[in-house]
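Those sequence lines, one after another, are chains S and G.
According to our numbering, the first sequence is numbered sequentially starting from 3.
According to our numbering, the second sequence is numbered sequentially starting from 197.
Honestly, I wouldn't trust all of these hints.
Over 10 angstroms on every C-beta distance to chain S, these chain G residues come out as not near it, computed from the model [stated by the list, open to error]:
id: 1; residue: H223
id: 2; residue: G260
id: 3; residue: Q263
id: 4; residue: E293
id: 5; residue: L302
id: 6; residue: D361
id: 7; residue: I392
Facing chain S, according to a computed beta carbon distance under 7 angstroms, are these residues of chain G, among others [claimed, not checked]:
id: 8; residue: L254
id: 9; residue: A274
id: 10; residue: E298
Calculated Cβ distances over 10 angstroms to all of chain S for the following chain G residues [claimed, not checked]:
id: 11; residue: R249
id: 12; residue: S259
id: 13; residue: E276
id: 14; residue: A303
id: 15; residue: D306
id: 16; residue: K378
id: 17; residue: D399
No lab work stands behind these hints: they were computed from the structure.
None of the values given here were measured: they were computed from a predicted structure.
The beta-carbon is built from N, C-alpha and C at its ideal position, and this holds for glycine as well.
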Amino acid sequence: MIWLGSFVLLTLLVFSHLAWGTVPLPWRSWFLDGAPMESMHKLILWDVRMPRTAIAMAAGAGLSLCGLLLQTWFGNPLAGPSVLGVSSGAGMGVALVVLAGMAGGWMATTAAAVLGSGAALVLILFVANRFRGAASLLIFGLMLNYVLGALITVLQAEADQAALQQFVFWGMGTFGQGTVEAAWSLGILTCGALLGAWMMRRDLDAWTLGALTARSMGVNDRRFRWAIVWMSGLLTGGITAVCGPVAFLGLATPHLVRLLTRERRHAVLIPLTAIVGANLALLADWGVKGMLGMEHGWPLNAVLSLIGGPMVVWVLVTKTKSAV
Amino acid sequence: MSVSHNEPLILDDLSAGYKGRPPVLAHVNHQFPSKGLHVIIGRNGAGKSTLIRTLAGLQAPLSGSVQLNATSLHDLPANERAQRVAFVSSVPPRTSELRVHEVLALASGDEERNRSMLQAAGDPSWWKRRLQELSDGEAQRVMFIRALLQGTDWILLDEPTAFLDVPARLALWRELTAAASKGVGVLVATHDYGEIQGHAEIDSIAMVGNHRLRPLSVRASASDWTAALMVEL
Numbered sequence: 003m004i005w006l007g008s009f010v011l012l013t014l015l016v017f018s019h020l021a022w023g024t025v026p027l028p029w030r031s032w033f034l035d036g037a038p039m040e041s042m043h044k045l046i047l048w049d050v051r052m053p054r055t056a057i058a059m060a061a062g063a064g065l066s067l068c069g070l071l072l073q074t075w076f077g078n079p080l081a082g083p084s085v086l087g088v089s090s091g092a093g094m095g096v097a098l099v100v101l102a103g104m105a106g107g108w109m110a111t112t113a114a115a116v117l118g119s120g121a122a123l124v125l126i127l128f129v130a131n132r133f134r135g136a137a138s139l140l141i142f143g144l145m146l147n148y149v150l151g152a153l154i155t156v157l158q159a160e161a162d163q164a165a166l167q168q169f170v171f172w173g174m175g176t177f178g179q180g181t182v183e184a185a186w187s188l189g190i191l192t193c194g195a196l197l198g199a200w201m202m203r204r205d206l207d208a209w210t211l212g213a214l215t216a217r218s219m220g221v222n223d224r225r226f227r228w229a230i231v232w233m234s235g236l237l238t239g240g241i242t243a244v245c246g247p248v249a250f251l252g253l254a255t256p257h258l259v260r261l262l263t264r265e266r267r268h269a270v271l272i273p274l275t276a277i278v279g280a281n282l283a284l285l286a287d288w289g290v291k292g293m294l295g296m297e298h299g300w301p302l303n304a305v306l307s308l309i310g311g312p313m314v315v316w317v318l319v320t321k322t323k324s325a326v
Numbered sequence: 197m198s199v200s201h202n203e204p205l206i207l208d209d210l211s212a213g214y215k216g217r218p219p220v221l222a223h224v225n226h227q228f229p230s231k232g233l234h235v236i237i238g239r240n241g242a243g244k245s246t247l248i249r250t251l252a253g254l255q256a257p258l259s260g261s262v263q264l265n266a267t268s269l270h271d272l273p274a275n276e277r278a279q280r281v282a283f284v285s286s287v288p289p290r291t292s293e294l295r296v297h298e299v300l301a302l303a304s305g306d307e308e309r310n311r312s313m314l315q316a317a318g319d320p321s322w323w324k325r326r327l328q329e330l331s332d333g334e335a336q337r338v339m340f341i342r343a344l345l346q347g348t349d350w351i352l353l354d355e356p357t358a359f360l361d362v363p364a365r366l367a368l369w370r371e372l373t374a375a376a377s378k379g380v381g382v383l384v385a386t387h388d389y390g391e392i393q394g395h396a397e398i399d400s401i402a403m404v405g406n407h408r409l410r411p412l413s414v415r416a417s418a419s420d421w422t423a424a425l426m427v428e429l
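Excised from the complex, chain S in its bound form (with noise of 0.2 angstroms):
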């Protein structure tokens, strides 16, 4: 039931993404009389909507991938991408090519992202490794983003007029800037991720168990934080490129799942969690584009924050409730 409503939600939104936005396409004439495609309509459907369209849908399916993989390996329901300092990271390597003016182009920015926050990534598992425990942890994360956080906005006050306007446009984020190569690449990324994490899958069960049993089981814990720093950290790293900072999918996609569903074994969570997630992120442009009349519509982490946020609380309430 759940796969069939996802599945026919994703379609409709595809197609609704695909179909609707500021400038109407002749649909109409093209299906019933089979008029060929101007150049500029099919400019607007292959390079702008369509492109858009797929940048939501990866970047929905890998930030929420990323939040239940962070979740599984902490043990801990509040572990995402953004709250563990990830997504700073990124930010902090994008402010140095933006704000300090270090390099240019997509290609920079890209790259600045990505080892942004592979480093951070890393510098929690090593902080991981020495503190067992998941609340120091999630404290580490916090102040990894105060810290990064006052660094930027350093780097803010000392940016000149035209970059500092870059710099917050990509903070709000937004599907609707990438090209049509940052879409192909978002999309190979998750997909791969996602292939790599269901390889995972028994581990990651096996992980709900505890670290030593899952040891014990055959699990090679090595391999096994390594793979999951990778996948966070390039699928962060590249999202946040190509979007901005995006909020609270990747933390509130793995518990709407889990509000969906009865099952636990992440041969369903990665799958449905990565269906969903591509589901929330296309609704959520809908709120951005629907804002018409606006010239720049609703920032893409205004819309997040407006659903996620009551999203994440609902759950803890329901949840609380279940457990007395």
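Based on these hints, arrange chain G on the given structure of chain S.
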């Protein structure tokens, strides 16, 4: 559950502990016979957990080796090691939302075997319940059944009853004894003399303390154990 090619667990000049700290065990030679129920006893902080983790291949030795079937356990990759030694930790998994049959399936893909093992050593009504919903005692028994299903020659348990009440302890010990009588090597670490006192089925007892592992007589009385303990101090 017929394990015919059972091998002794051999500690070869083994030093165990953490780097940069005094070793828990220094240059220990010891042999746990090929099957039966064996107990490692020692005070809190004596190093039982360190020893049993080292024996389970989960912690690298400072020096020396743990030999099983003419192979050094720590040289094996994790998945091969898991086919030789199974492990049950002192903390029952309290947060896993997996169902019991899903946990058992992680250890063995044979559903019929998993079902009959749960029936024999646990309770068939647990099959579809979540681990989280079981009591600590029930969860520990599921973890032991999971270890049995791993099909290893040896199962090592680190204070498995530490968080259990008395009926749950007795139930777990009953299952440990039953498994040992069927030919699996069962090695249990505990600090509690009361648990093993008067237990007729125990095949050997070794005491950890003062960086050494000393065999104790199985027939010894509680006062003998206390005396041995005082010597260690």
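Practice item. Hints the structure violates: just list their numbers, smallest first. Key: Hints 4, 5, 11, 13, 14 not satisfied by this model.
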